Structure formats: structure tokens, C-alpha cells
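Turn these sequences into a full structure, and let the hints guide you.
Protein chains in written order, with the numbering used here: chain A, 1 to 396; chain B, 1 to 396.
No wet-lab data here; the hints were simulated from the structure. All figures in this text were calculated on a predicted structure; none of them were measured in a lab. Do not rely on the hints blindly, as some may be mistaken.
[To be verified] Calculated lysine-lysine pairs in the DSSO-like style (CA-CA distance at most 27 Å, straight line):
1) Lys251/A x Lys5/B
2) Lys5/B x Lys5/A
3) Lys249/A x Lys17/A
4) Lys378/B x Lys58/A
5) Lys27/A x Lys58/B
6) Lys5/B x Lys158/A
7) Lys307/B x Lys384/B
8) Lys365/B x Lys307/B
9) Lys388/B x Lys365/B
10) Lys315/A x Lys361/A
11) Lys27/A x Lys336/A
12) Lys307/A x Lys325/A
13) Lys249/B x Lys249/A
14) Lys58/B x Lys378/A
15) Lys58/B x Lys26/A
16) Lys17/A x Lys249/B
17) Lys17/A x Lys333/A
18) Lys315/A x Lys378/A
19) Lys249/B x Lys5/A
20) Lys58/B x Lys347/A
21) Lys26/B x Lys251/B
22) Lys249/A x Lys5/B
23) Lys27/B x Lys58/A
24) Lys336/A x Lys307/A
25) Lys5/A x Lys58/B
26) Lys251/B x Lys5/A
27) Lys365/B x Lys333/B
28) Lys17/A x Lys26/B
29) Lys58/A x Lys58/B
30) Lys285/A x Lys315/A
31) Lys193/A x Lys5/B
32) Lys347/B x Lys58/A
33) Lys142/B x Lys158/B
34) Lys325/A x Lys347/A
35) Lys17/B x Lys251/A
36) Lys285/A x Lys58/B
[Unchecked claim] Chain B residues, not near chain A, derived (Cβ > 12 Å throughout):
37) Gly29
38) Gly211
39) Ile291
40) Asp381
Glycine is no exception: its CB is placed at the ideal position from the N, C-alpha and C atoms.
There are 2 protein chains.
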Amino acid sequence: MNISKRALRIPPSPIRKLVPYAIDAKKRGIEVYHLNIGQPDIATPQSFWNAVHSYPAKVLAYGNSQGIAEYREWLAKYYQGNGIDITPDEIIVTTGGSEAVMFAMLAVADSGDNIIVFEPFYTNYNGYAVMTDIELIPVQTKPETGYHLPPVEEIEAKINDRTRAIFICSPNNPTGTVLAREEIETVSRIAEKHNLFVIADEVYREFVYEGKHTSLFHIPSLIERGIIVDSISKRFSACGARIGCVITKNKEAFDAMLRMGQARLCPPTIEQYAAQAVLMQLDEKFFPEIIEEYRRRRDATYEELMKIPGVLCEKPAGAFYIMAKLPVDDVEKFAKFLLTDFQHDGKTVMVAPGPGFYATKGLGKSEIRIAYVLEEEKMRDAIKILAKAVDNFLTL
Amino acid sequence: MNISKRALRIPPSPIRKLVPYAIDAKKRGIEVYHLNIGQPDIATPQSFWNAVHSYPAKVLAYGNSQGIAEYREWLAKYYQGNGIDITPDEIIVTTGGSEAVMFAMLAVADSGDNIIVFEPFYTNYNGYAVMTDIELIPVQTKPETGYHLPPVEEIEAKINDRTRAIFICSPNNPTGTVLAREEIETVSRIAEKHNLFVIADEVYREFVYEGKHTSLFHIPSLIERGIIVDSISKRFSACGARIGCVITKNKEAFDAMLRMGQARLCPPTIEQYAAQAVLMQLDEKFFPEIIEEYRRRRDATYEELMKIPGVLCEKPAGAFYIMAKLPVDDVEKFAKFLLTDFQHDGKTVMVAPGPGFYATKGLGKSEIRIAYVLEEEKMRDAIKILAKAVDNFLTL
Numbered sequence: 001m002n003i004s005k006r007a008l009r010i011p012p013s014p015i016r017k018l019v020p021y022a023i024d025a026k027k028r029g030i031e032v033y034h035l036n037i038g039q040p041d042i043a044t045p046q047s048f049w050n051a052v053h054s055y056p057a058k059v060l061a062y063g064n065s066q067g068i069a070e071y072r073e074w075l076a077k078y079y080q081g082n083g084i085d086i087t088p089d090e091i092i093v094t095t096g097g098s099e100a101v102m103f104a105m106l107a108v109a110d111s112g113d114n115i116i117v118f119e120p121f122y123t124n125y126n127g128y129a130v131m132t133d134i135e136l137i138p139v140q141t142k143p144e145t146g147y148h149l150p151p152v153e154e155i156e157a158k159i160n161d162r163t164r165a166i167f168i169c170s171p172n173n174p175t176g177t178v179l180a181r182e183e184i185e186t187v188s189r190i191a192e193k194h195n196l197f198v199i200a201d202e203v204y205r206e207f208v209y210e211g212k213h214t215s216l217f218h219i220p221s222l223i224e225r226g227i228i229v230d231s232i233s234k235r236f237s238a239c240g241a242r243i244g245c246v247i248t249k250n251k252e253a254f255d256a257m258l259r260m261g262q263a264r265l266c267p268p269t270i271e272q273y274a275a276q277a278v279l280m281q282l283d284e285k286f287f288p289e290i291i292e293e294y295r296r297r298r299d300a301t302y303e304e305l306m307k308i309p310g311v312l313c314e315k316p317a318g319a320f321y322i323m324a325k326l327p328v329d330d331v332e333k334f335a336k337f338l339l340t341d342f343q344h345d346g347k348t349v350m351v352a353p354g355p356g357f358y359a360t361k362g363l364g365k366s367e368i369r370i371a372y373v374l375e376e377e378k379m380r381d382a383i384k385i386l387a388k389a390v391d392n393f394l395t396l
Numbered sequence: 001m002n003i004s005k006r007a008l009r010i011p012p013s014p015i016r017k018l019v020p021y022a023i024d025a026k027k028r029g030i031e032v033y034h035l036n037i038g039q040p041d042i043a044t045p046q047s048f049w050n051a052v053h054s055y056p057a058k059v060l061a062y063g064n065s066q067g068i069a070e071y072r073e074w075l076a077k078y079y080q081g082n083g084i085d086i087t088p089d090e091i092i093v094t095t096g097g098s099e100a101v102m103f104a105m106l107a108v109a110d111s112g113d114n115i116i117v118f119e120p121f122y123t124n125y126n127g128y129a130v131m132t133d134i135e136l137i138p139v140q141t142k143p144e145t146g147y148h149l150p151p152v153e154e155i156e157a158k159i160n161d162r163t164r165a166i167f168i169c170s171p172n173n174p175t176g177t178v179l180a181r182e183e184i185e186t187v188s189r190i191a192e193k194h195n196l197f198v199i200a201d202e203v204y205r206e207f208v209y210e211g212k213h214t215s216l217f218h219i220p221s222l223i224e225r226g227i228i229v230d231s232i233s234k235r236f237s238a239c240g241a242r243i244g245c246v247i248t249k250n251k252e253a254f255d256a257m258l259r260m261g262q263a264r265l266c267p268p269t270i271e272q273y274a275a276q277a278v279l280m281q282l283d284e285k286f287f288p289e290i291i292e293e294y295r296r297r298r299d300a301t302y303e304e305l306m307k308i309p310g311v312l313c314e315k316p317a318g319a320f321y322i323m324a325k326l327p328v329d330d331v332e333k334f335a336k337f338l339l340t341d342f343q344h345d346g347k348t349v350m351v352a353p354g355p356g357f358y359a360t361k362g363l364g365k366s367e368i369r370i371a372y373v374l375e376e377e378k379m380r381d382a383i384k385i386l387a388k389a390v391d392n393f394l395t396l
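Here it is as C-alpha cells:
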């Protein structure tokens, strides 16, 4: 009686194996700066909490499988405000961005089909790919070019007759890279030529510090072949709400994803109500203030990183991650060292090792992902500690 | 650019096509008794609402992928209280029972493998099976035998070399049937002989009106090969909370499902906290009062059904459904007729047609599922209206 082969292949969380070491370090009295996960410290909006605390129903009933109609109306207004021309009927509310990713993948690919992704990429795409028997074909992007897309030929070289879609994520997790409009237009041309869907993860839409965010739906040629996956987790610092959505104007894909939504009944009811309250009460200062806060954190983080001899990294334009190449040849070992054999003034840092974000074995061994989710001064302190750790590690 | 073949195959909700007719009927001023979905009218416990209304955090953060540790401790106590000997470390909290079903299926079966189910069965199993490319092989149960399991030979005849598990649901949706201990022991023997997992949907555990509920884990021989899927949706009338769990003592299956859990990050945070509050404050009268209420509804529903000439149905011992065979040869047509061409004193009823619960084409054409989720007097009135409708329909 064996479990399934795919179940065996589902990758563990890349940071999970470090967790016991972090717990141990804390037990020894060491303060651990958590730069390893994208869990913002920003308060969830008061409008969200007010809605939760005054949720009026007596029976917590199933909601609509597509998502609560009124919430979808507010969502559509939010997208319209971002130059994304969609209606409430083109939105399916999902249980987090995670479910949106799964629905989109299932809508376009059968078992054995493949989807092009740019590595390094958000690890959890891989979990869903394995569960649904879809192959993710990685196209490498590099620290030397700020993790921007490689030349067209390199992308097309990976496309084969089982390729069904190209998956992009901008602003990017784990690299922070924001794709230029021209890059997404290039993706569109490739997709058109090879008759592919394009799936875009845009959960960090607002987190752009230079230039402007280009959405999939800003590119007219992508409107019929595009699927956007989204989430309120980062936008409203509501990771535990598990509210996302998937958007498409492709009627067939929409209907299929709606049927998937019916199979799982509905996304959480209370949090849709609360997310709607946030959208209804959103004022103009909300995002600028948060973005300013993250920009300060990014600048401080980048500035301190640049002081470490041998570090390679372009200043990323978005999200709240920096992927940096360190002068160490095995970041897995280094990340463990940080927690088991190092401290400075009773403090250390926890980072996400690069290999977890690559599908190609052997890549990312000198890279780490840093989530700048702590206040500026803490980020500076954390990166200074990281600098000392690199120094120590190199003289081991 | 086509969507995937499996996406095309995902079945729509069996009652969905009736929804527009129900909306239309209401627009015409007709009152519709909703016997078509298992949405209880019972209030969600006050302890749940108190916890939601006073949820203390400022940041709605990701929870543990396995579920909040303290909630799992209370869950383990709840299971112990039901004679199910498990620890918090053998539980993964899921986003509803739906996700628990998906995790369990994925843990045991690869693409092309199959799982034995007893039809009629809860339609949504099928949605997940299609998404994950698992075949559900139906073994028929019949109204004439109260939808109890057929002889061993009929079950074994369906098992082949790609069969990985037997899936049972007791108390059953849609039939209300409660499997006898001996039936589950039979399943255990078959599973042992053919080296299969056994997955049990026990979300209606408390809803038993005659005899006692037998859990998978009450059968010692099933402990190593058993996976329980569960949910608070019906138990605490919290369908919109999306909190379930999956339980197994099989270490390999557990680890695989935990990695699936990591891929989707976490189940909703607030509702776990609220569900824990319910468990902490549960008093001894809670279930007996609810069960008594449902028993009255069931008895009233059954009594009124039996007055309809030609109706065939055994009094079901559990859940809150009755599957009844009507003297009509096309219940899809009848269910539509109820909403479009019939009313009595300005009222009509909405039911779930039988074929939606069968995988075998042609079965269930005379059966309907009735959810007795309304108060006794309303149920009586609804079934009386149904009786008139049957009479009318037969004389069309």
C-alpha cells in the first residue's frame, strides 16, 4: 500500500527544513530576524477588522461559488481604477492566490502538458504543478540582468508541442523584478505565435517603486488569452484571510474555473465581506503610505547589502523581496550556519536559500531571498548582521 | 488555444442549472422551499461569533500550514471524545472538507489510477477526481436496500490493478444512510486483500438518529490504511467558514498531505480561532438538542413522503438528507416543472435531481435528494406541496 508517486514528489517548503534550527536558536535566547517569509508586519486595515468584528449573520452560510456578488462589484471597481477593464462577471473569488494558481493551471493544461515559467520563481507553483501532473519548464533569468526576461530565442527554445501557457509574475516573488511593458508585449507575441495562454501573478501590483506596473490586461493582444491570478494577502496585509481571485475574459476558461469553484463550494465568507469593506473605505493615501514605507525598507536593505564585499544584486523595482547573490558557494549551508553557529550581539537572521526557487538542479546555490518585511532600522541591523555572518562563514 | 480536456470535463453543480428557474419563480412572487442544498438554518454557535467579533490580532498573518497548533489540540480532544484515538500531530486542518477530499485523493492516487465509490455519492468528489485525473469507479447502492453496501462480490468485481482506495461516506450525503460497523469491517477486509487505502468522509458524524456512528478509526484493522476527511460546516452550521481537516496515522500519506498544505500556505486563520472557541465551550446539550431537532424534521419529512403514492424510500438513519424514489420517470424534468410550471398557494419546492449523484449514466432518473434543513412545519408543508406536484406532473 504505497502513496501516489506524485504525492512523493510534492516539494516541501524550501524554508521548512530551517524551521527547527530557528526554534532551537530562539530557545538559546537568540533573537531571529525573519527575512525568510513574505509575511508583512503592516497592520491589516481597520476597516477589515471593523467588518470582522461586526459581521452581522447568525448562520455562517455557504457563499456563491463565484464569490459574493457585491464583493465582486467592488473588486471590478478596484481593477477599473487600475486600468484593468473587467466586469464582476469575469472574476471568480478564490481561496487565496494559491487556489487561483491551481484553477488557472488546471484550466489550460492536462496531465503531461507543460507551462513555461521563469526561474527563479515562487516555489508553490511547483507544488500545484506536481499535484495536477503539469510540468513546469523553467527559463532561466539571471542576477546579472536583474532577473529580467532573457532573449526571445531562449524562451522559444523551451516551447514544445505540449506547452499550453507562459506564466509570468510581476512584480516578482522572489526577485522583486518588475517586468517592463515591452517584456510583456514580447510574451504576448510568443504566446500568439505558439497559441498559448498567458497566466500572470499580479499579487504585488501596488508594490512598485520605480516606473509603473503593467498588468496583463493593459496589453490588448493579451485580453483573450490572459488569466490574472491575484490575492489580497500582501495588498491588505491579510495573508491569513485566504482571499484571492482569478480573472479572465476567455469564456471557456472562465466557465471551467467556475465549475472548479463549484466543486469546492465557496471561498471563506466573512473575509470576503471584510475585504469588501476595505475596498469600500479605501482612501487615496492608503497605498502611497505603504509603498513609501516599503521603499524606505528596500533602499535601506539594498544600501546595506551593497556594503557586503562580493554581493551581486540589482536594486529591484517592486514587491518586497531582494534576491541577492552572495560570495558563498552553498547558501543552504550558510542559511543553516546563520541559525546554528552564528550570532552577533545575541541576534541572527533567517533567509530563504536560492535553490528552493529554481527548478533546475544546481542553480541558485549562491543566491538568497530577503523579504524586507521589517521596519527600516531593523532591516539595516539585520543586513549588517548578515554581512558579519558572510565574513565569518568565509573564514570558516 | 483550447482549454484543457479535463477542464471541459469538470461537471457543473447538479443543481446549478435549476438556479435560474428558482430566481425566475421568486420574481413571479412564488415562495420557494429550498430542499436542494445542505445549508442548515441552525444558528452558528454564539461562541463562534464571540470569537470572530473579538478576534484580537492587528495583522491577519499566515497560520501554520498544518493548522493552528492549539486548535489541533482541541480537535484531538474532540476526536478522543468520539472514541477516535488520534493526536494533534495526526491532523492537518484544511480549507473545508473539500480540500481534505482533494488531499486524500492526491495522496493515494496518480493520474489514471482509480478509487471505488458507492453511488449515489456526493457530487463534488467527482469534480476533484476530474481535476486530478483520477477515475471514480462507482459501485451501485439501491433505494430498495436503503442504499446500504452491496455484497462483497459486487465491490470486488470493480477493483482492478489501478485501484488505490475505497471511498466511503457515513452518514451519507445524499442518501442519509449510516453504515453498520459490519459494513465498514467488510470494506476493511476488501482493502486488506487488495492492498488499498480507505478514505472516509465523516462530516455528518453526529447526525445519527438510530444506532451509533462507526468511525473508520473504530476499526483497528483500518488504522494504518485509513484517511478521515472531516469538516465543521454541518457540525457547527459554519459552511462559510471553510474549515475542515484530514486525519491519518499513515506517516507517508500524512507527510505528503502536509506538503500539499504547504503549497497552499494555510487554511483561514480567523475561523480556526473561532472553531477552537466552539470546541472549548461545547456543552453536553449542544449536539443532543440539534440532533433532536433534525430527528423531528426527518420524521416529519419521511412521514409526509410516505403519503405520496408510489414513493419508495427507507427511513434514513443519519445526515440530513433523504433520497427518495418518485413515481416519475424523469426527475430532471420534474425538478424544472416544480419551478416553472407549478405552484400551490403561491409556494413550490426546489429539490436536487438524482442523476447528479450518480456516475453511471441513466441511474437516479426517478430519485431526488431532499435536504431536511428547514423547521418541521415547513418540511411538512414542503413535502405536501411536493405531493401535489407529483400528482399534477403525472397527469400532464
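Run through the hints listed earlier and report the numbers of any the structure violates, in increasing order.
3, 13, 21, 25 and 28
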